[in-house]
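What follows is each chain in one-letter form.
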Amino acid sequence: MEEIALHILDLVQNCVEAGASEVSIAITECRRDNLLTVKISDNGRGMDQATLAAVTDPFFTTRSTRKVGLGIPLLKAAAEQCNGSFTIESSEGKGTQVVASFALDHIDRAPLGSMADTLAAVFAVHHVDVHYRHEVDGKVFMLDSKEIRQLCGDELMHPRVIVWLRAYIEEHEKQVGGEQ
Amino acid sequence: MKTVDELRKLREEVRQMTRLREGEPEVRIVVAMGTCGIAAGARETLNALLQEIAARGLAGVSVSPVGCMGLCDREPIVEVNAHGGRTLYARVNAEKARRIVREHVEAGWVIEDWVTRN
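Sequence order for the protein chains is A and B. Under the working numbering, the first residue of the first sequence is numbered 1, with each subsequent residue one higher. Under the working numbering, the first residue of the second sequence is numbered 1, with each subsequent residue one higher.
Fair warning: there could be bad hints in the mix.
[What the hints assert, rightly or not] Quick list of simulated restraints, FRET-style, between CB atoms:
1) A/His127 to B/Ala55: 18 to 28 Å
2) A/Asp105 to B/Arg19: 36 to 46 Å
3) A/Gln150 to B/Ser64: 15 to 25 Å
[To be verified] Only pairs whose alpha carbons sit at most 25 Å apart, straight line, appear in this in silico SDA-like list of lysine to any residue:
4) B/Lys96 to A/Asp117
5) B/Lys2 to A/Leu151
6) A/Lys39 to B/Gly41
7) B/Lys96 to A/His126
8) A/Lys174 to B/Met69
9) A/Lys139 to A/Ser91
10) B/Lys96 to B/Gly60
11) B/Lys9 to B/Arg19
12) A/Lys146 to A/His127
No lab work stands behind these hints, which were simulated from the structure alone. Even for Gly, the Cβ is constructed at its ideal location relative to N, Cα and C.
Only chain A is shown next, with the shape it has when bound in the complex (with noise of 0.2 Å):
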């Protein structure tokens, strides 16, 4: 993947895929540590244990149009290869959480990109409530979808609000600064 971004957005569609109605996604960045944290948890169904230790295999997947599962995989290894480390923990019936860490310096590390591209493209068609908070050096930016439903309700996914929300978010990233 060329942004850290587009790995979460891939990662909300496994939310999603197993019936979370919630999902939080915490992004810290933090020069001191030189440490870009990405946090997804969700409360989706979760994995019995057999489950969850499988599915850092890219061999692995739920899915039935082909036989291998990229998406967890990919992440694990892109942090892995920048000096960061990667954790999945789940619970059946409580849901699951991803833990992954890259090295901010790293070479080879892709640039966060652009969170105002993932999050739009997550209201546009999932109905999931996403609970979003990216902190750089301290400064934080954070956007609970609930908060924008009470004031949108169903228009929420209507391409008009959603072009709106895009430049809202890309907004307050720019402010928090950080990577882009």
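Assemble the complex: chain A is given as a structure, and chain B must be docked to it using the hints.
Just chain B, lined up with the frame of chain A:
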């Protein structure tokens, strides 16, 4: 800076527009958003579709995702269900996506050169 009041106003406008048209959307667009689609640029394709639909003020158009369709070599894939037919477009970048909205969704012409079959 964008304000919450702007969003409220926009919501009202959109609501007025959609209230006039009840029932099923006339055009259904589906974007393949599996890992293969996303890696090939489906996010840009999706955002371009939405921007063009918004810019042209089109109503009665829905956009939804689907996972891997088994056509990974031809991603990003966009399916347009419109005017009684189903069309599958291959390798749809942002620019092609905008043309699909203008020419196929709005005007009703299938862009044959980009069509693929599964």
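Hints and how they fare:
1. A/His127 to B/Ala55: 18 to 28 Å: holds, 25 Å
2. A/Asp105 to B/Arg19: 36 to 46 Å: Between aspartate 105 of chain A and arginine 19 of chain B, where Cβ atoms are some 53 Å apart, the hint is violated.
3. A/Gln150 to B/Ser64: 15 to 25 Å: Because 24 Å falls inside the window, the suggested range holds.
4. B/Lys96 to A/Asp117: Between lysine 96 of chain B and aspartate 117 of chain A the Cα gap is close to 18 Å, so the pair holds against 25 Å.
5. B/Lys2 to A/Leu151: holds, 15 Å
6. A/Lys39 to B/Gly41: Satisfied, since the Cα-Cα distance of roughly 23 Å is no more than 25 Å.
7. B/Lys96 to A/His126: The given pair, whose Cα atoms are some 23 Å apart, holds under the 25 Å limit.
8. A/Lys174 to B/Met69: violated, 35 Å
9. A/Lys139 to A/Ser91: violated, 32 Å
10. B/Lys96 to B/Gly60: holds, 21 Å
11. B/Lys9 to B/Arg19: holds, 15 Å
12. A/Lys146 to A/His127: holds, 11 Å
Checked against the numbered hints above, the structure breaks hints 2, 8 and 9 and satisfies the rest.
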